[in-house]
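Colleague: Here is how the chains run, residue by residue.
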Amino acid sequence: MMKAKSKMSGLLCLLIIGALIFALSGCASSNGSGANTASSGQKTVIEYWHVNAQTQGGQAVDELVKEFNAQSKDVKVVAKFNPDMYKGLMQNLQAEKAAGKTPALVQIGWAYLDYFSNNFSYLDPNEAIQKYDPTSKSFLKDNFLPNVLDLAKTSKGKQAGIPYSLSTPILYLNKDILKQAGLSQDGPKTWQDVQQFAKTIKDKTQKYGFYMQEPGDTWAQQALMLSNGAKIIDHGKAAFDSPEGVQAYQLYADMVLKDKSALHVPWDQGVTAFINGNVGMLYTTVAQMSNIEKGAKFNVSSIPSPPFVGKQPKVPAGGSFLAITAQTEAQQKAAWEFEKFLYGVKSMATWTEATGYVPPRKDVATAKDGLKDFVAKNPMINSALVQMGKAVPWTSFPGNSGLQAEQTMIDTRDKILGGQASVASALKDAQQQINQLQK
Amino acid sequence: MGKALLIHKNQIIAYLFIVPSLVIFSLFLIWPGIYTIYLSFLNWNLISPDKEFVGFGNYVALFQDPNTYKILINTFAYIVILLMLNCFLPYVLSFILEYVITKGKNFYKKVIFLPSIISLVVGSMLYVWILNPVSGPVAVLFKMLGISLPFWSNTNGLVIVVLSLITSWKVFGYNFIVLLAGVSNVPRGVIEAARLDNIPLHKIFFQIVLPMSSATGIYVFIMTIVQGLQYVFTPVSVITQGGPNYASSNLIYHSYQDAFVLYKTGQSAALSTMTLLLFVLLLFLEFKFVEKRVYYASK
Chain X
1 MMKAKSKMSG LLCLLIIGAL IFALSGCASS NGSGANTASS GQKTVIEYWH
51 VNAQTQGGQA VDELVKEFNA QSKDVKVVAK FNPDMYKGLM QNLQAEKAAG
101 KTPALVQIGW AYLDYFSNNF SYLDPNEAIQ KYDPTSKSFL KDNFLPNVLD
151 LAKTSKGKQA GIPYSLSTPI LYLNKDILKQ AGLSQDGPKT WQDVQQFAKT
201 IKDKTQKYGF YMQEPGDTWA QQALMLSNGA KIIDHGKAAF DSPEGVQAYQ
251 LYADMVLKDK SALHVPWDQG VTAFINGNVG MLYTTVAQMS NIEKGAKFNV
301 SSIPSPPFVG KQPKVPAGGS FLAITAQTEA QQKAAWEFEK FLYGVKSMAT
351 WTEATGYVPP RKDVATAKDG LKDFVAKNPM INSALVQMGK AVPWTSFPGN
401 SGLQAEQTMI DTRDKILGGQ ASVASALKDA QQQINQLQK
Chain W
1 MGKALLIHKN QIIAYLFIVP SLVIFSLFLI WPGIYTIYLS FLNWNLISPD
51 KEFVGFGNYV ALFQDPNTYK ILINTFAYIV ILLMLNCFLP YVLSFILEYV
101 ITKGKNFYKK VIFLPSIISL VVGSMLYVWI LNPVSGPVAV LFKMLGISLP
151 FWSNTNGLVI VVLSLITSWK VFGYNFIVLL AGVSNVPRGV IEAARLDNIP
201 LHKIFFQIVL PMSSATGIYV FIMTIVQGLQ YVFTPVSVIT QGGPNYASSN
251 LIYHSYQDAF VLYKTGQSAA LSTMTLLLFV LLLFLEFKFV EKRVYYASK
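Line by line, the protein sequences are chains X and W.
Residue numbers for the first sequence follow our numbering, so the first one is 1 and each next one is one higher.
Residue numbers for the second sequence follow our numbering, so the first one is 1 and each next one is one higher.
Everything labelled a hint here was simulated from the structure, so no lab data went into it.
Given the structure is predicted, the values throughout are model-derived calculations rather than measurements.
For every residue, glycine included, the Cβ atom is placed at its ideal position computed from N, Cα and C.
It is possible that part of the hints are untrue.
[Claimed, not checked] Mimicking DSSO-like on lysine-lysine, the simulated pairs with C-alpha atoms at most 30 Å apart in a straight line are:
hint: 1; chain 1: W; residue 1: 51; chain 2: X; residue 2: 153
hint: 2; chain 1: W; residue 1: 203; chain 2: X; residue 2: 156
hint: 3; chain 1: X; residue 1: 362; chain 2: X; residue 2: 137
hint: 4; chain 1: X; residue 1: 175; chain 2: W; residue 2: 70
hint: 5; chain 1: X; residue 1: 87; chain 2: W; residue 2: 9
hint: 6; chain 1: W; residue 1: 70; chain 2: X; residue 2: 202
hint: 7; chain 1: X; residue 1: 97; chain 2: W; residue 2: 203
hint: 8; chain 1: W; residue 1: 203; chain 2: W; residue 2: 292
hint: 9; chain 1: X; residue 1: 87; chain 2: X; residue 2: 76
hint: 10; chain 1: W; residue 1: 143; chain 2: X; residue 2: 199
hint: 11; chain 1: X; residue 1: 156; chain 2: X; residue 2: 333
hint: 12; chain 1: X; residue 1: 258; chain 2: W; residue 2: 203
hint: 13; chain 1: W; residue 1: 70; chain 2: X; residue 2: 415
hint: 14; chain 1: X; residue 1: 415; chain 2: W; residue 2: 288
hint: 15; chain 1: W; residue 1: 51; chain 2: X; residue 2: 260
hint: 16; chain 1: W; residue 1: 70; chain 2: X; residue 2: 294
hint: 17; chain 1: X; residue 1: 204; chain 2: W; residue 2: 103
hint: 18; chain 1: X; residue 1: 66; chain 2: X; residue 2: 43
hint: 19; chain 1: X; residue 1: 428; chain 2: W; residue 2: 70
hint: 20; chain 1: W; residue 1: 143; chain 2: X; residue 2: 297
hint: 21; chain 1: W; residue 1: 292; chain 2: X; residue 2: 179
hint: 22; chain 1: W; residue 1: 143; chain 2: X; residue 2: 258
hint: 23; chain 1: X; residue 1: 158; chain 2: W; residue 2: 105
hint: 24; chain 1: X; residue 1: 311; chain 2: X; residue 2: 340
[Unchecked claim] Per label pair, the in silico range of CB-to-CB distance:
hint: 25; chain 1: W; residue 1: 50; chain 2: X; residue 2: 237; range: 19 to 25 Å
hint: 26; chain 1: X; residue 1: 298; chain 2: W; residue 2: 147; range: 24 to 30 Å
hint: 27; chain 1: X; residue 1: 247; chain 2: W; residue 2: 140; range: 34 to 40 Å
hint: 28; chain 1: W; residue 1: 28; chain 2: X; residue 2: 369; range: 29 to 35 Å
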């Protein structure tokens, strides 16, 4: 009996080891399959990864893909939706790469610019044009503003992709509340005015004066600091702990903590409160335009992002760029063909109308087959169009801990607005922490 | 000899039956577990070509980070609240419906179970709307009474309570049904006899029903802890992303955030390993001190 038992445990060990080997080989075998260059019939099939749900331009993606597939002789695009925005897409891309595969064309959120360029291999669009489309050599130069193209440049100066979805923060106004509070319906001219307006609204109407978006990033808060002449990053080092940075954040913190005129809630709750007519002014992305226009039952308008007194307004660009991650020549060529189609005036117009993003191309807004009619019907987008020249890159902290740095900025925002730390000390700590990370 | 051979053969067949589940178990639990421990010694993001071995560096960093302790305390806060809401409360309710107010039992059973079949993501979004502190229906109602709601999703402590409430909305019904089955298995005669002797209800509950249904009770108790931690993940992810400043994060969400939002896979693996050890310890304590006293009717 004893002998049989020891034999049995030996067998058991064998089984476990066998199972483990099976598991290992299961993981390994998926490594080999590589990019899917399988062609259906004659066409090269490529995957396009996007983040646009049906309510957020997903229908436009399907429409554009269908149109492209109908007119292309040799390429078939398969669009793949990735839930949970750019973060979700990055997670899936990471998993795909760990399995040894990559799609051909992907949307990358600006905050991931550095992480993406450090960890994935991509094709510089300049190279793509040179290699696969030499006749349109000046495509990028002719069609894009230089400051817009720079948005997709890595900290090492390489072009990681081409800007696609562009958004900037704008200030939405509830004109009815402004009127009720006896304020100018043209809205505030500077951030100092915003504070005054918010206070007046609170005093006169008992409603909240202001809400600045607080999603899982500090994009809007960066815009605030930039518009007071502060720098977020300087020569690769965090530099927001400057007198300008502190002053800007202080104004915002005072609105929340001292005046109690500004809301401090997560993003969707803040936007809902504005749409329901409980907040006078809302500082959020232009991409919320159609959502707000549809929902608001009051007179709503918008103005460009204001500066501080005596300073220039600056807005970090949000949204995404398109990067070619295809690895084989056939896939790369096909990816560029599709990408070029997406940047056509007509496609861009379809895209903007469906999403509210600002077109990255120079001429789309005024072109007849472009957005001329749309802009006339949706004047709010003008606020974003006029500030395109003031768009600067959304700070993507360099290095592998860049994403941790952004998280530190979020934690700092929570500490300041929660009243757990003074602006000066919180920003000082954050800057120190971030610069420590990068060592 | 022949008998030994027979036993041998039977044992082989027995093991053959175990093989399928053993393979699945190794593939999806044991192997990832081992791999996680391996990852916890690396500074790596799963795809980068440079894989740096850092020894116990990730563990040291973990213990030096004040947020780790904050998150540990949060985790226990969630456990305590969820045990109250999802274990004790449904226990009492099932007792009441089984023995005290039996009218409408079937109706309550269905109504209370209903939320269990709805996705927690949907539930979270629903509650964000209902509990919007400025414009939600609850806020409007309270405003009429002159009370303004606190910004719960940005308030330390309160945020944990609200997220637990949202989670219990989903878990409560299932636990209730399971406990009801356990409670109704207590022989009716015992209860009747106690009532004839004018034993007060709370004594019947604590001294008769609770011990006699403890097999079900302990199951729900452990599942509440384990599942509660995992279910909390969804509202945290949908509503607060662990904020404000980690005040609503728990061990599981933080592991996820480190690995799949910030791509600090090594640190996340270290945290997961610590979580695993912690719960092994808790389970050990449970087996040592509680399991012996559990009453199994069939034994």
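Colleague: Does each hint fit the structure? Answer for all of them.
Modeller: Cross-check of the supplied hints:
1. Of the pairs offered as hints, the one joining residue 51/W and residue 153/X holds, with about 26 Å between alpha carbons and a cut-off of 30 Å not exceeded.
2. Distance restraint check for residue 203/W and residue 156/X: the Cα-Cα separation of roughly 73 Å exceeds the 30 Å cut-off, and the hinted pair is therefore not satisfied.
3. Distance check on the hinted pair: residue 362/X and residue 137/X sit about 17 Å apart at the alpha-carbon level, within 30 Å; holds.
4. For the given pair, residue 175/X sits about 44 Å from residue 70/W by alpha-carbon distance, which is inconsistent with the 30 Å threshold.
5. Only pairs whose Cα atoms come within 30 Å are accepted, and residue 87/X paired with residue 9/W is rejected, the gap being roughly 54 Å.
6. Between the alpha carbons of residue 70/W and residue 202/X the distance comes to roughly 35 Å, so the proposed pair goes past 30 Å and is violated.
7. At roughly 61 Å between alpha-carbon atoms, residue 97/X and residue 203/W are farther apart than 30 Å, so this suggested pair is violated.
8. For a cut-off of 30 Å, the pair hint linking residue 203/W to residue 292/W stands: about 22 Å separates their Cα positions.
9. Of the supplied pair hints, the one linking residue 87/X and residue 76/X holds, its CA atoms being roughly 27 Å apart against a limit of 30 Å.
10. A hinted pair counts as satisfied when its Cα atoms are at most 30 Å apart, and residue 143/W with residue 199/X qualifies at roughly 21 Å.
11. For the suggested pair residue 156/X and residue 333/X, the alpha carbons sit about 25 Å apart, so the restraint of at most 30 Å is met.
12. Note on residue 258/X and residue 203/W: the hinted pairing is violated, with a Cα-Cα distance of about 53 Å set against a maximum of 30 Å.
13. A hinted pair counts as satisfied when its Cα atoms are at most 30 Å apart, and residue 70/W with residue 415/X qualifies at roughly 14 Å.
14. A threshold of 30 Å between alpha carbons decides the hint, and for residue 415/X with residue 288/W the separation of about 43 Å lies outside it, so the pair is violated.
15. About 49 Å separates the Cα atoms of residue 51/W and residue 260/X, which puts this hinted pair outside 30 Å; it is violated.
16. At most 30 Å may separate the alpha-carbon atoms for a hinted pair to count; residue 70/W and residue 294/X exceed this at roughly 42 Å.
17. A distance of roughly 54 Å separates the Cα atoms of residue 204/X and residue 103/W; the hinted pair therefore is violated under the 30 Å criterion.
18. At roughly 14 Å between alpha-carbon atoms, residue 66/X and residue 43/X fall within 30 Å of each other, so this suggested pair holds.
19. In summary, the hint linking residue 428/X to residue 70/W is supported, as the alpha carbons are separated by about 22 Å, within the 30 Å threshold.
20. Annotation: proposed proximity of residue 143/W to residue 297/X holds, straight-line Cα distance about 21 Å (limit 30 Å).
21. The hinted pair formed by residue 292/W and residue 179/X fails the criterion: a straight-line CA distance of about 72 Å is larger than 30 Å.
22. Annotation: proposed proximity of residue 143/W to residue 258/X holds, straight-line Cα distance about 22 Å (limit 30 Å).
23. Of the supplied pair hints, the one linking residue 158/X and residue 105/W is violated, its CA atoms being roughly 68 Å apart against a limit of 30 Å.
24. With a C-alpha separation of about 38 Å, the suggested pairing of residue 311/X with residue 340/X is violated against the 30 Å cut-off.
25. Checked against the hint of 19 to 25 Å, the pair residue 50/W and residue 237/X passes, with Cβ atoms roughly 23 Å apart.
26. A C-beta distance of roughly 25 Å is found between residue 298/X and residue 147/W, which places it inside the suggested range of 24 to 30 Å.
27. Between residue 247/X and residue 140/W the beta carbon distance is about 37 Å. The supplied range of 34 to 40 Å therefore holds.
28. Evaluation of the 29 to 35 Å hint for residue 28/W and residue 369/X yields a failure: the beta carbon distance comes to about 54 Å.
Hint compliance for this structure: hints 2, 4, 5, 6, 7, 12, 14, 15, 16, 17, 21, 23, 24 and 28 are not met, and every other hint is.
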